[in-house]
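Next come the chains, spelled out residue by residue.
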Amino acid sequence: MSAVIENHHDDHHHGPAKGLTRWLYTTNHKDIGTLYLWFSFAMFLIGGAMAMVIRAELFQPGMQIVEPEFYNQMITLHGLIMIFGGVMPAFVGLANWLVPMMIGAPDMALPRMNNLSFWILPFAFFILLSSLFMEGGAPNFGWTFYAPLSTTYAPPSVTFFIFSVHIMGASSIMGAINVVVTIMNMRAPGVGLMKMPLFVWSWLITAYLLIAVMPVLAGAVTMMLMDIHFGTSFFNAAGGGDPVLFQHIFWFFGHPEVYIMILPAFGIVSHIIETFSRKQLFGYSSMVWAMLSIAILSFVVWAHHMFTVGLPLAAELFFMWATMLIAVPTGVKVFNWIATMFRGSITFETPMLFACAFVVLFTLGGFSGLMLAITPADFQYHDTYFVVAHFHYVLVPGAIFSIMAAVYYWIPKWCGNMYDERLGKLHFWLSFTGVNVTFFPQHFIGLAGMPRRYPDYALQFADWNMVSTVGAFLFGVSQLLFLFIVVKTVMGGKKATDQVWEGARGLEWTVASPAPYHTFTTPPKID
Amino acid sequence: MNSDAKKTLKKLVIAVPLMFAFGFALVPLYDVFCEVTGINGKVFQSDYEDELLTDNGRPLAIQFISTNNENMPWVFEPSEKVMKISTGEYYTATFYVKNTTNKKMVAQAVPSVAPSNAAAHLKKLECFCFEQQELMPGEEALLPVKLLVSNELPKNIKNIIMSYTIFDITDYNDEPMASHEMNMEH
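For the protein sequence lines, the chains are A and B, in the order given.
According to the numbering used here, the first sequence holds residues 580 to 1106 in order.
According to the numbering used here, the second sequence holds residues 1061 to 1246 in order.
Since the hints were made in silico from the structure, they are not lab data.
The reader is advised that the hints may include incorrect statements.
Stated by the list, open to error - Derived DSSO-like pairs: lysine-lysine, alpha-carbon spacing no greater than 27 Å straight-line: (1) B:K1218 x B:K1184; (2) A:K858 x A:K1104; (3) B:K1066 x A:K774; (4) A:K1004 x A:K858; (5) B:K1141 x B:K1158; (6) A:K597 x A:K1067; (7) B:K1206 x B:K1141; (8) A:K774 x B:K1071; (9) B:K1066 x A:K1104; (10) B:K1144 x B:K1184; (11) B:K1184 x B:K1141; (12) B:K1067 x A:K774; (13) B:K1070 x A:K774; (14) A:K858 x A:K1074; (15) B:K1184 x B:K1158.
Please model the complete structure; the sequences and the hints are all you need to start from.
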C-alpha cells in the first residue's frame, strides 16, 4: 500500500472484468450503482407506458381503448412499478455511486450483499409483470392493495404480487443496511457526522426509515397471504378480523415510505443549488435537523390517509395537527434553498433548472398536501383527482425531477463526458411543461369531484382531462429524449474536467473524470 | 470489515425481524387500543346494573340497524326500527331472524354503537351478539337484547344508533379461533 494520498495512481490497479459476468458478479459500488440506475430507467419507461394507457383511456369520456378490468390493472401496476421499480431503485443507485465517493470510502461496506440486493430486483418485477399474462389478470386493487379488495376479491395472481413485494422489500432492506453500515463505519478520517455531505445525511435517514418500515410492509402482505391461503382472518370481518386494521398497518409503512421517496431528493437538490449558486449552502445543520424531524414525524401521521374510515374526533384532530407540523421543517428546507440562492452568482445549467423546478413544484405539491391535511376538507377531497394531482406533484417534479437533476449533475463524473447542454435544456423545458399541463388541471377536476381510479367520468370533466392527456404524452415522449441524451453522453462528448462544475465542492469532484473503477483505496486527507 | 462495522450490521440485522414482528404486534395492539378507548363502539356484557336505575331519566331514541355481511342469506331485521326509551331503565329489544336456506347454519352478529362516546354508557345485560346463533333450515327466531342507558350519558346525545352485522360463520364454527374472537366480552 503506497502512502500516496491521490487516487489517480489506482487507475491501472485493476479494472472491471470483461463481458456479461462483470455485471452479474460485480461487487463494485459503481457497477452496482449503474445497474440500479439503468434498471430504474427501464422500469420508469414501463411504468410510464402504463401511464400513457391510463391517460389515453381518459382522453375522452366513455370507454375508448381498454376494458375497465385492464384499466384497473394498469393503475395498480403503474403505481407499484413507479414507486418500487422507478423511484426507489434510482435513489439506491445514486447512493451506491455517490455515498462511498462522498465520504472517502473505497466501496460499500457489504459488497456481496450489494450484488444480491440488486440482482433479486429483476426477478421481483418479472414476477409482478408476468401476472399480466395470468388467468384473471394482474393485481387490480390499486397500489395501496386495501383488504378485502386484495384478499377476498383479488384475482389469483395476488399471490405472485405478494411474493414480488416480499422480494422488493428484501432488496430495499439489504440496500438500506448496506448504506447505514457504510456511512457509520467507513467515513474517511475527518468526515464527522456533521461534516457529511447532505446527500449522505439524507440517505442515512432514509435507510433507517427503510429498515423500520419495509419489514412492516412484509408483515402486511404476509397477513394477506395467510388470510388468502391459510384461513386466518386478520382482515376478514366474518372471522373476527378488521379491514380497517389493514389500512392502519399499510399506512404505518406507507407514510414513512413517501418520505423515503423524497428525503434523498432533498439531499440532491441541496448539492445542486449550492454548486450553481456558487455559495456555501445556507443553514447546513438546520437542514440535517429538518430531515430528522420529518423522518420522526412520519411515524405519527399515518392516519391522515384514513380520515374517512370513521376515526374518533380526537384521532382526526391529532393526525391533522401532526401532519401540519411537518410543514415546519419542510418550510425550513425551502427557506434554506432560497437563502442559498439569494445573492449567489447563479447560472442555470440543466441540473440547476431541474433543481429550481423541484423547489417550486415540490412546494406546490406540499401546499396541496396541507389542504388535504385539513380533516373536514379532506372529506371532500378524499379519493378524488385532487389527491392524484397532489402526490404526482411531489413525486414527478419532486422525486423524479431530483433524480434527473442528479443524473445531469453527476453524469460527467460517471462517464467522463459532458452531456449536450442544449438537449438537456430542451428536455427540461419539455418535461416542465408536460408535467404542469398534465397534473395542474387534475387539481381542478379533483376539486370539482372527479373520483380517482375510474376508467370513465362525467361529461363536465372532459375538457381538463383532454388537456391532462396531451400534457402526459408530451411528458412521456420527452423522456425518450432523456434516454437519448444519456446514451449519447455515455457514448462520447466533450471531456469533463475533474471538478466538472465551477462551484462544485465535495470529495467526489476531487477524483478523475470518469471516476476510476476504484477510488479512495487509501483514505483522502480532509482539511 | 472491521469490528465496529460488524456491530452496526448486527444491530440492523436484529432490527429487521423485530420490525416484522412489530407489524404483527399491531394486530393485538389495535384491539387493545380500541378496547381501552372504546372508540370503535364495542359494548361488553355487564352484570346487574341496578345502581344505575333511576326514575328521573331523560328521553332518548335508540335506532336499530341490521346489516347482512357479504353472502349471508338470512332475513335479519329489528322488530322496531326506533325505540323511545328513558335513561336509567331496563328495556328489551328484539331482532327477527330466519334461516332462508335449506341447510343448518351458524351465525354471529357483531355490534357497533354510534356515537362512540355513548358506548361507555350503554350497558347490555343480555345480547344475542354475545352468542352464536344456530338455525335449522327455515327456522326463525326473535333475538333479544336487554339494555340500559346510564343517566351519565352526555346531555348532547339524544339519539343512539345500535348497529348489528350478521356473519355466516358456519365454516369457521369448529375452529377455536372463531369462538375465541367472538366470546371475548366480559
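Now for the hints, and whether the structure bears them out:
no.	hint	verdict
1	B:K1218 x B:K1184	19 Å, holds
2	A:K858 x A:K1104	23 Å, holds
3	B:K1066 x A:K774	24 Å, holds
4	A:K1004 x A:K858	23 Å, holds
5	B:K1141 x B:K1158	18 Å, holds
6	A:K597 x A:K1067	22 Å, holds
7	B:K1206 x B:K1141	16 Å, holds
8	A:K774 x B:K1071	24 Å, holds
9	B:K1066 x A:K1104	25 Å, holds
10	B:K1144 x B:K1184	17 Å, holds
11	B:K1184 x B:K1141	18 Å, holds
12	B:K1067 x A:K774	23 Å, holds
13	B:K1070 x A:K774	26 Å, holds
14	A:K858 x A:K1074	25 Å, holds
15	B:K1184 x B:K1158	23 Å, holds
Of the numbered hints given earlier, the model fails none.
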